[in-house]
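Q: Can you build the whole structure from these sequences, using the hints too?
Using our numbering, the first residue of the sequence shown is number 6, and each one after it goes up by one.
Honestly, I wouldn't trust all of these hints.
To be verified - For lysine to aspartate or glutamate, the following EDC-like pairs were computed, each having C-alpha atoms within a straight-line distance of at most 20 Å:
1. 274 - 248
2. 259 - 179
3. 98 - 74
Unchecked claim - With beta-carbon atoms standing in for the labels, derived distance ranges:
4. 139 - 275: 21 to 27 Å
5. 44 - 249: 49 to 55 Å
6. 43 - 119: 18 to 24 Å
7. 45 - 141: 34 to 40 Å
8. 172 - 265: 35 to 41 Å
9. 275 - 48: 51 to 57 Å
10. 277 - 176: 19 to 25 Å
Think of the hints as simulated: they come from the structure by calculation, not from any bench. Note that the Cβ used here is the ideal one computed from N, Cα and C, for glycine as well.
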Amino acid sequence: MAKSRILDAGVALGIALGLAPFARAQAPGGATACAEPAPAVRDEARLLYEKGRALLLSEQWAEAAAELEAAVRLDPTLALAHYGVGEAWLALKMHPEAVAAFLDCRAAFRCLLASPEAVARFDRLRKQEEGLIRTAIAQLEKDRGLRFAIKQKEANRTPEPAPGEVARQIQALEDRLDAVQKARGRPPMEPPELAFALGNAYFQAGSPYEAERELRAALAARPGWGDVHHNLAVVLMVAGRLEEAEAEMKKAEKAGVPAHPRLREEIAKRAAGVSPP
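A: See the structure below:
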């Protein structure tokens, strides 16, 4: 299945979760409540989060999980730290633990949504995201223009992506920009990257029904997401729903995500009546 790496989750997730000022905390009697920690505690937790994030980048998964778990113990408002814990547990194949971490991330984010300042805050964050997206589009366009202008390959020693791939990246950014602009003034919603990550974790933990539910939720929030279509095809294939799996595989390819050769082979085998080993 396509991985949902913490760096690949998208600008929206990093902004929305990384800056979340409210999250789940345990109230007396075990009920959940949204609380904001003291500034000193938050600062200490963010230092731990930064250490954990650096360890994630270097794929030191166990060490990253330890730092990030320490961060959320101090400050459960760090929703992106919960997300990072889930990423680390997935990499370590500790799938039930990854599910729990992503669910904690969801609970933290939903506390954020309950904040009365949520709409105004998210509009500010959306403006920031618009600026980041516009900058990324401009850079891609500039790089494409420079590569076109350089006639001698020796003058450009950087790996040159295929023109179609650059165009796909620009189109994806423009689609996201359009979605962000249309969302102005609306109540904020949970980032679909979280449903994608949770769906992957559920599948790896042996819960295909929950995995399908989360992946479909991600697609409902962001139609045409190739990686999600691809992973949903895997879930449906394992469930024996081969026609649906093939349809999702084709949707992934249409979105620019090539089907894994083994996925294509397995669908064909099962359709021919060959039982999986």
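Q: It remains to establish, for every hint, whether it holds in the given structure.
A: Each hint, compared with the structure:
Annotation: proposed proximity of residue 274 to residue 248 holds, straight-line Cα distance about 13 Å (limit 20 Å). Straight-line distance between C-alpha atoms of residue 259 and residue 179 comes to about 18 Å, which keeps the hinted pair within the 20 Å bound. For the given pair, residue 98 sits about 17 Å from residue 74 by alpha-carbon distance, which is consistent with the 20 Å threshold. The hint said 21 to 27 Å for the Cβ distance between residue 139 and residue 275, and at roughly 45 Å that hint is violated.
Separated by about 51 Å at the C-beta atoms, residue 44 and residue 249 satisfy the suggested range of 49 to 55 Å. Taking 18 to 24 Å as the suggested C-beta distance range, the pair residue 43 and residue 119 conforms, at roughly 21 Å. At roughly 36 Å, the beta carbons of residue 45 and residue 141 sit within the given window of 34 to 40 Å. In this structure the supplied range 35 to 41 Å is violated for residue 172 paired with residue 265, their Cβ-Cβ distance being about 23 Å.
Taking 51 to 57 Å as the suggested C-beta distance range, the pair residue 275 and residue 48 conforms, at roughly 54 Å. Checking the proposed 19 to 25 Å range against residue 277 and residue 176 shows it is violated: the Cβ atoms sit about 37 Å from each other.
Checked against the numbered hints given earlier, the structure breaks hints 4, 8, 10 and satisfies all the rest.
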